[in-house]
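Just so you know, the protein sequences line up as chains X, B, F and S, in that order.
Taken in order, the first sequence gives residues 39 to 413; the numbers are from my numbering.
Taken in order, the second sequence gives residues 39 to 413; the numbers are from my numbering.
Taken in order, the third sequence gives residues 39 to 413; the numbers are from my numbering.
Taken in order, the fourth sequence gives residues 39 to 413; the numbers are from my numbering.
One thing to keep in mind: the hints can contain errors.
The list treats identical chains as one, so a pair stands whether inside a single copy or across any two.
As the list claims (entries may be wrong) - The calculated DSSO-like cross-link candidates involving lysine-lysine, where the alpha carbons are at most 27 Å apart (straight line), are:
{"id": "1", "residue 1": "342", "residue 2": "81"}
{"id": "2", "residue 1": "342", "residue 2": "305"}
{"id": "3", "residue 1": "88", "residue 2": "41"}
{"id": "4", "residue 1": "322", "residue 2": "305"}
{"id": "5", "residue 1": "322", "residue 2": "342"}
By construction, these hints were calculated from the structure, which means they are not laboratory data.
Chain residues, written in single-letter form:
4 protein chains.
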Amino acid sequence: MQKLRFGMVGGGGGFIGNVHRHGALDDDLAVLTAGCFSRDLGKNRACAEKWDVPRCYVSYEEMAEREGQREDGIDFVTIATPNNTHYAIAKSFLERGIHVLSDKPAALNLEQAQELEALAAEKGLLFGVSYTYANYALIRQARNMVEHGEIGKIINIMCEYPQDWVLMTVASGQSVHGSWRFQPEIIGNSLCVADIGTHLEYLVTAATGLELEKVLCAVQTIPEDLPLETNAQMLLRYAGGVPGMMWASQVAAGHECSVSLRIYGDKGSIAWNHDTPMQLRVAKLGRPVQIYTPERDYLYPEAKALTRLPYGHPEGFYEAFANIYRGFIRHILALRQGPAAAEYPYPTIRDGVRGLKFVRACLESSRRGSVWVHL
Amino acid sequence: MQKLRFGMVGGGGGFIGNVHRHGALDDDLAVLTAGCFSRDLGKNRACAEKWDVPRCYVSYEEMAEREGQREDGIDFVTIATPNNTHYAIAKSFLERGIHVLSDKPAALNLEQAQELEALAAEKGLLFGVSYTYANYALIRQARNMVEHGEIGKIINIMCEYPQDWVLMTVASGQSVHGSWRFQPEIIGNSLCVADIGTHLEYLVTAATGLELEKVLCAVQTIPEDLPLETNAQMLLRYAGGVPGMMWASQVAAGHECSVSLRIYGDKGSIAWNHDTPMQLRVAKLGRPVQIYTPERDYLYPEAKALTRLPYGHPEGFYEAFANIYRGFIRHILALRQGPAAAEYPYPTIRDGVRGLKFVRACLESSRRGSVWVHL
Amino acid sequence: MQKLRFGMVGGGGGFIGNVHRHGALDDDLAVLTAGCFSRDLGKNRACAEKWDVPRCYVSYEEMAEREGQREDGIDFVTIATPNNTHYAIAKSFLERGIHVLSDKPAALNLEQAQELEALAAEKGLLFGVSYTYANYALIRQARNMVEHGEIGKIINIMCEYPQDWVLMTVASGQSVHGSWRFQPEIIGNSLCVADIGTHLEYLVTAATGLELEKVLCAVQTIPEDLPLETNAQMLLRYAGGVPGMMWASQVAAGHECSVSLRIYGDKGSIAWNHDTPMQLRVAKLGRPVQIYTPERDYLYPEAKALTRLPYGHPEGFYEAFANIYRGFIRHILALRQGPAAAEYPYPTIRDGVRGLKFVRACLESSRRGSVWVHL
Amino acid sequence: MQKLRFGMVGGGGGFIGNVHRHGALDDDLAVLTAGCFSRDLGKNRACAEKWDVPRCYVSYEEMAEREGQREDGIDFVTIATPNNTHYAIAKSFLERGIHVLSDKPAALNLEQAQELEALAAEKGLLFGVSYTYANYALIRQARNMVEHGEIGKIINIMCEYPQDWVLMTVASGQSVHGSWRFQPEIIGNSLCVADIGTHLEYLVTAATGLELEKVLCAVQTIPEDLPLETNAQMLLRYAGGVPGMMWASQVAAGHECSVSLRIYGDKGSIAWNHDTPMQLRVAKLGRPVQIYTPERDYLYPEAKALTRLPYGHPEGFYEAFANIYRGFIRHILALRQGPAAAEYPYPTIRDGVRGLKFVRACLESSRRGSVWVHL
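Throw the hints in and build the complete structure from the sequences for me.
Below, the structure is given as structure tokens:
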């Protein structure tokens with residue numbers, strides 16, 4: 039089998055570029071052939087050299103143009119730049135007929151994201167978005183259990199994502215105002231909801247198949263002198279009237295990336311926490327609670343397939359990312375045979391658009407004093 | 039030291055009467071001298087005999103009257119009857135100058151509770167209400183840590199109380215409509231919020247000192263054909279604008295009495311769960327998470343004093359109840375020397391009144407489509 | 039039903055006397071009618087008064103004699119004195135025809151224990167010994183599961199009991215030499231094995247039905263200047279050749295009374311830890327691990343019966359003790375109808391004798407350089 | 039910086055070859071340039087193609103010879119073949135001046151391993167052995183804490199490695215006799231001790247710096263008709279007389295690769311379990327238990343450096359392996375500047391030799407009825 043060729047824009051600084059690279063390479067389905075890893079020419083070249091990338095470009099525009107023209111040009115591009123550049127970069131590559139897998143969010147605002155979605159559809163191109171958490175093997179198991187009715191009709195959904203990094207940054211005496219993380223022109227008009235709330239929004243839909251209909255939200259800016267919200271609390275209403283709650287916080291001491299999802303049905307419940315991603319807590323009504331672990335034969339085949347190591351060998355964040363790329367790449371390969379649905383689900387621009395609707399609804403709800411707002 | 043004499047109304051059926059008795063006797067500060075344990079005369083007498091109670095009455099009215107007249111009459115009465123009778127019974131004993139410790143709720147509605155509060159104040163009598171969970175030793179530790187600023191300024195409060203008993207009842211095929219638990223005329227116009235939401239409302243205040251200012255609530259009746267709500271979700275706003283969230287549910291498979299409290303400050307957090315009541319999770323910002331356990335010398339003296347056994351010996355629900363009675367009885371004893379504040383805090387009619395305001399606000403908020411309602 | 043009358047020798051100091059009293063009273067099957075609670079006359083009287091005990095004696099000899107003569111004399115006596123006095127006290131009461139429930143160990147050495155066993159048998163009297171841990175409800179569940187073959191043939195047993203109190207005592211600067219806990223003439227020639235190793239020895243037998251055939255042991259005295267061993271490590275061999283391991287330590291920082299039992303069969307395993315006594319971890323081969331909790335309908339009836347509160351209400355050390363007394367008292371009651379086996383198993387002098395054989399074998403094995411020694 | 043070139047022998051089947059490859063590539067310090075991945079020519083070529091390996095050989099002898107002659111020959115070779123071939127392959131490459139990193143065990147018996155150790159020393163070559171578990175970041179933290187005296191003087195060591203795979207294999211009805219895992223001529227004269235016991239032996243030394251002096255062991259073959267032992271239980275004695283216990287089992291239902299290490303000092307203890315490798319339980323005497331997590335600033339720099347992702351992002355088995363390679367490769371690089379000690383410790387042939395002494399001592403001890411045997 040011929041491996042796909044891919045390129046990367048950004049990723050030369052920070053850790054997330056390397057996470058994307060690992061993810062894309064992990065299953066030996068693709069090769070990193072081109073890149074523009076930084077606006078800093080030295081960093082760009084150093085990165086290309088370190089990663090053995092044959093074609094290194096000084097701008098993404100040049101990269102899109104040239105790769106679009108080559109016969110052996112890249113099949114897809116990974117975008118790992120700051121939020122405010124995602125849109126323009128994605129557009130460039132889509133216009134040259136190149137599939138896109140963008141770091142989350144898909145764009146800085148809803149209009150941009152919708153434009154990208156339309157453009158990808160028009161061009162018949164795939165557009166993945168790197169929502170990570172739903173790609174752990176046991177979340178797939180949760181989805182399969184829900185679909186097979188193992189916990190009955192869903193009656194409630196509880197999710198949260200507490201972190202402590204804003205408190206840590208403030209306590210360290212660093213000027214948070216200097217960080218791009220706090221600059222609305224780079225990240226948009228939302229910090230907490232957009233950065234981590236959207237992860238929860240996607241995770242719930244991926245794990246249950248339910249889409250969010252409306253949200254009632256209150257956001258807080260803690261400490262008060264920050265420019266954007268750092269804590270957000272919501273009541274949720276899913277399709278069919280299923281209620282839920284969400285909490286996202288970057289000022290929650292004692293938490294790291296403690297994503298937690300709990301799905302309650304009328305015959306059982308399923309719970310997962312990113313602190314121990316190799317455990318799924320399953321409670322069938324009136325039975326002892328059960329702890330599912332990856333790669334065991336009692337899992338659904340789709341869930342079992344999402345680990346690479348025998349049971350008992352911990353996998354982590356890299357492998358969850360690799361599962362996104364596996365789904366995305368296999369979808370590209372399948373498309374070559376004709377129109378195809380994704381064999382393994384992965385987050386797409388459709389999810390990215392819904393995520394931005396979610397952010398908009400949350401901010402509007404909070405601004406209006408916490409009223410219900412439809413997505 | 040002379041022990042106090044106490045009586046009990048109700049408690050001859052179910053388990054809660056015996057929990058009250060254990061709690062009141064546990065520290066050898068009181069003797070059960072009188073009772074009217076059931077309207078069923080046979081049960082009433084059997085209970086008195088089993089518990090070695092010398093004075094057994096056929097009605098609480100008779101009991102209140104006679105005990106009020108005796109020189110060696112009871113010092114306080116425990117009320118362990120169904121909710122709709124609490125008010126009249128409490129009133130009877132207060133009018134005879136007898137202190138009251140009532141099972142929660144203090145009354146069926148706010149007006150009754152306020153009347154009882156006023157009556158107790160007028161008579162100079164104590165009125166305890168049996169909110170249990172705040173009386174675990176480690177919740178006292180949490181309160182002390184908050185007061186000493188160990189987690190800084192409180193910025194968020196998360197609490198929940200999921201149970202599964204309604205689902206279990208429905209699944210068992212029992213007619214839930216026959217149970218008094220589902221009859222508004224006995225338990226009032228709220229099931230979930232009144233029965234378990236109020237526990238959370240008190241627990242937060244007991245653990246933090248913060249009082250709730252307003253609430254935004256959505257309740258659900260699951261399954262739909264039940265007469266009262268079984269699931270409730272809220273946004274909270276405490277004094278000083280501190281935000282919070284609450285979830286109470288009787289349809290949450292996989293939970294027993296899984297009361298959970300998390301208090302977030304700008305320098306740390308504290309978490310406790312009733313599933314493992316002998317552990318307090320304390321996170322100081324930037325430090326490893328710590329697990330506090332009871333009776334250890336590193337605890338505040340007030341918290342250390344609330345266990346009866348050396349460290350490593352599990353205590354449970356009985357002892358949490360006993361801590362209520364210890365505080366209540368010591369308060370009575372202190373009053374004999376003149377006006378006195380409670381040495382150990384315990385839940386009082388003031389908390390009972392606030393709890394009923396809370397229920398009223400929740401129902402109103404939900405009815406009006408989830409708007410903020412002040413208590 | 040007429041309640042039993044019982045007396046207590048010792049128990050006026052420390053916490054264990056009150057634990058015995060709670061345990062004996064918990065099910066309203068007995069009344070504490072007589073006692074000699076301390077050699078200190080003041081303490082003795084204060085204790086009798088505090089506990090409302092009508093008959094208070096200045097010596098156990100007088101108590102045994104008089105209670106033996108009264109028509110309404112005590113039915114059984116609880117012994118809660120230091121180890122070196124158990125034998126003489128037990129003997130006194132047995133000789134007067136009074137059943138005995140003694141704090142562990144039954145006697146200071148094997149010969150004494152065997153004499154007591156013979157005497158009880160000769161007199162047709164019951165002799166209970168207060169090994170606590172096997173009386174938690176979920177250990178009963180474990181036993182039932184083993185008996186029903188749920189984990190197949192037992193192939194291995196792992197148990198441990200680590201504590202930190204000796205380290206704590208040493209670190210506190212207290213002279214450990216002054217404590218009776220370190221005086222061989224009071225506690226016998228073993229500290230760690232006798233005090234906590236025996237708990238494990240009994241626990242395994244109670245949970246599995248298997249008896250220990252031989253042991254290979256190494257003991258250590260840490261710190262070295264203590265008079266008796268504080269750490270003990272063993273290989274075990276049970277009936278049928280089943281292997282096992284045991285660790286008992288009083289110098290294990292980070293542990294309280296962390297009794298742990300794991301039973302491995304060829305079709306599954308069962309694990310329990312006293313740190314979370316309300317959870318039993320059950321693994322059926324090839325299935326998700328399950329967490330059993332008390333009072334649930336899926337438990338065996340004998341296990342379900344050993345809790346007093348509805349599921350979700352934590353019970354603890356007091357209730358485990360009460361389960362010993364419940365079994366013991368019901369056995370006495372059954373005997374009145376003629377020869378009877380215990381309805382609920384409880385630890386007896388037979389177990390106490392085996393425990394002392396175990397201590398002797400451990401010390402001998404360690405002294406001889408860790409060789410196998412038969413019990 | 040020029041990357042190292044490396045080759046691989048074996049690894050074309052099973053999962054461990056890919057684990058080695060990931061580990062070696064993870065830090066972009068090396069490139070896989072040559073390989074002989076399988077004796078099956080088709081598999082060999084397919085693997086080379088899949089992994090983009092330019093030089094593919096049909097035999098390891100040819101590979102050693104040619105790579106040894108090339109100017110751009112490989113710097114080191116990874117050996118990922120069955121146990122019985124490690125010795126000959128390693129010898130071939132050492133003789134051509136090529137560093138070796140071999141899958142564990144280093145050889146089939148002690149004599150071979152010692153010969154390899156001597157040969158590597160003579161040639162001035164490095165020889166790594168892939169003991170995985172000590173290379174998790176938090177084990178490095180444990181080592182640093184021990185060295186800095188944070189838990190005082192070590193007084194006891196408890197370790198275990200329970201798995202269930204032999205029971206699973208037997209239950210599946212597969213003929214275990216057909217598997218190479220059960221063939222002494224391939225894996226040597228020990229199954230359980232050699233395969234997983236040695237992991238524990240190395241882990242303890244890596245985490246504490248203590249070396250094992252003698253062992254007392256009992257092994258069992260469960261089920262009885264297997265050719266080699268599947269369960270092993272030991273008393274340990276470390277340098278300075280420090281006692282310990284070890285349990286290794288492949289017939290322990292309910293466990294996966296549940297490596298557990300507990301180090302007890304006279305001022306505290308440290309515990310780690312592979313089921314949750316991102317948590318280190320640290321108990322300072324008399325203080326609350328603490329849970330350390332990776333990449334936090336409170337860690338020692340050497341421990342913090344061993345994770346690649348920000349705190350809260352789970353790492354796993356692949357990254358533990360990558361840490362071995364990082365230490366090994368940096369050592370090779372350092373050697374180029376002249377004689378050098380390893381900057382980061384990694385397991386070497388010295389550890390491999392000690393491991394085989396350990397296996398020999400265990401088998402001898404067990405055979406002689408469980409007596410103490412010096413390594």
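Hints, one by one, checked against the model:
In this assembly of identical chains, residue 342 and residue 81 lie within 27 Å of each other by CA distance solely across copies; the values are 25 Å between and 39 Å within a copy. For the homomeric pair residue 342 and residue 305, the shortest alpha-carbon distances inside one copy (24 Å) and between copies (23 Å) are both at most 27 Å. Taking CA atoms no more than 27 Å apart as the test, residue 88 paired with residue 41 passes in both settings, with 21 Å inside one copy and 9 Å between copies. With identical chains, the CA atoms of residue 322 and residue 305 are at most 27 Å apart both within one copy (6 Å) and between copies (22 Å).
Taking identical chains as interchangeable, the C-alpha atoms of residue 322 and residue 342 lie at most 27 Å apart whether they share a chain (21 Å) or sit on different chains (19 Å).
Figure legend: structure checked against the earlier numbered hints; every hint is met.
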